[in-house]
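Let the sequences and hints guide you as you build the complete structure.
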Amino acid sequence: MNESISAFLRRQLTEYTFTPVTYRKGTVARSADGVVTVENLPGRRYGELLEFEGGVFGMAMDLAGDSVGAVLFDTADAVRSGDTVRGTDAVVEVPVGESLLGRVIDAIGRPLDGKPLFAEERYPVERPAPSIIDRRPVDTPLETGILAIDSMIPIGRGQRELIIGDRQTGKTTIALDSILNQKDKNVLCVYCAIGQKAGTVAGVIETLTNAGAMEYTVVVNAGAADSAAMQYLAPYAAASVAEYFMERGRDVLVVYDDLSKHAVAYRMMSLLLLRPPGREAYPGDIFYLHSRLLERSACLSKEKGGGSITAMPIVETMAGNISAYIPTNVISITDGQIYLESGLFHAGVRPAVNTGLSVSRVGRAAQHPAMKAYSGTLRIELSQYREAEIFTRFGSDPDPVTAKLLKRGDALISLLKQDRSAPYNLFDEISLLIAHQEGIFMDNTAAEIKNEMKNYLAHMNRACADIAVKINSTGRITDEQKNDLANAADSYVMGARL
Amino acid sequence: MRNCRITVSSGMTDATYAMLCEKARRRFGADLSFTRVNDDGVIAGFILELDGTVYDVSVGTQLELLKKKMTYGEDAQ
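Residue numbers (the numbering used here), protein chains in the order written: chain A, 1 to 498; chain B, 499 to 575.
None of these hints come from the bench; they were simulated from the model.
Quick list of the computed label-pair ranges, beta carbon to beta carbon:
no. : chain 1 : residue 1 : chain 2 : residue 2 : range
1   : A       : 248       : B       : 528       : 52 to 62 angstroms
2   : A       : 47        : B       : 526       : 23 to 33 angstroms
3   : A       : 116       : B       : 537       : 24 to 34 angstroms
4   : A       : 209       : B       : 526       : 53 to 63 angstroms
5   : B       : 517       : A       : 47        : 32 to 42 angstroms
6   : B       : 537       : A       : 64        : 32 to 42 angstroms
Bear in mind that the values here come from a model prediction, so they are computed numbers and not experimental data.
Glycine included, each C-beta is placed from N, C-alpha and C at the ideal position.
Here is the structure:
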């Protein structure tokens with residue numbers, strides 16, 4: 001161990017070259033609430049990284065006359081009036097590369113897991129989105145392993161799918177389950193925590209570590225205790241980390257958890273910089289804040305390597321109000337949304353996806369043919385069930401057709417319930433849809449269905465092991481395989497009745 | 499006259515300092531007046547400040563950069 005440390009030190013010293021340092025110098029005139037006014041700084045630039053005394057960093061956000069308005073990345077109390085400010089002549093950058101996989105970094109790339117970071121390259125946090133000519137339409141599915149989503153709100157690689165809902169409705173759980181499901185699927189993941197409690201982020205990292213998902217995941221964290229500037233930068237840094245992989249032909253899933261807190265951090269910065277407030281006190285460029293971030297998610301053309309960034313931004317609503325300012329902005333930017341409803345969540349329907357208000361605008365084109373074959377009518381069936389369910393609340397006895405509809409709907413709701421951190425593979429999802437099609441669980445209660453599902457899936461995997469391998473690897477299904485699956489489902493029913 | 503502030507270690511001789519001033523005049527113009535600041539944190543070399551721009555060729559700063567490089571693996575921001 002000592003030998004390797006001394007070898008490391010020797011290498012660092014031999015490789016080191018003496019480079020003169022030149023920088024511009026200004027003075028702190030005023031510092032309050034993480035916003036600093038700098039004077040006498042020559043050649044100032046918008047977005048420039050500024051270094052304050054004591055190793056505190058900030059970013060120039062407002063160029064006005066002779067002064068610069070800057071936001072601090074670190075604690076505001078470390079900066080005093082009269083302190084020296086160094087212009088670094090550089091924009092804010094983050095380390096990127098393979099060595100980041102499994103690591104936890106902050107918004108400017110400093111490791112938070114106590115280990116040194118030797119990154120391959122550095123990318124600016126603000127980068128232009130890929131141009132139209134560099135993109136291709138979304139054509140490959142990104143499986144979340146969540147039946148309700150993969151069947152009715154399918155997501156494609158390169159899509160931006162918003163997860164929206166009140167607090168405590170399972171938004172982060174859906175994002176995490178999607179990350180867990182990317183194991184061995186050649187998709188890398190970036191989880192960006194914005195304004196989250198440290199304990200919550202620690203929990204997320206633990207979940208990812210326990211499931212072996214940290215091997216292909218990078219966590220970018222700007223917590224609730226971090227400055228507004230760090231929270232503002234975090235998603236852009238996460239996008240840069242993901243872009244490194246995308247530009248090398250890899251598929252990446254990025255979760256921004258969450259953009260409501262990101263907007264609040266930007267509002268705070270803007271108000272302190274005395275920018276005029278608009279609706280809900282957000283600044284005028286709040287739409288551009290999120291549109292330029294989410295435009296960086298793309299499905300690149302084959303000429304550009306064919307990589308992709310799929311974005312899963314999360315937005316928290318207040319009392320189910322999806323027509324508030326930030327939710328409507330992000331809904332209009334993204335290619336669809338998964339709306340989670342607290343009523344469903346508290347009724348035990350988890351994931352609490354409201355299929356009526358959820359939509360995927362581009363994912364259907366990328367859905368696996370095998371899944372498409374069985375999921376076509378699910379949304380209609382569910383909406384008919386919801387409608388009939390509302391009518392029967394008035395106490396009227398339903399006619400036989402409606403009673404059957406309700407029974408099928410109840411069974412479908414139970415089938416769509418799924419435990420956290422337990423994603424299904426494609427074959428299991430299709431098997432469950434076949435069970436619904438064949439009405440296998442119609443006569444079971446919700447509690448019975450949960451156990452029955454396990455037995456049924458075990459039976460299907462046993463009876464159709466070859467087909468399972470083919471479907472999971474190709475995503476396709478032939479008519480012959482469809483018949484075999486239907487027969488296997490029938491044999492389960494026969495076996496259960498005997 | 500423009501003021502040029504040069505920070506050096508207290509061990510720097512007057513002759514070396516005068517040579518440094520002369521080189522600065524040749525590089526930046528003859529209208530310079532100099533202020534010498536002694537700071538042993540410089541260790542060797544000098545830090546020259548003129549018109550808001552700093553030229554830092556001190557050993558102290560280079561050691562700080564090396565420390566950062568070893569901690570973060572690169573020239574950390």
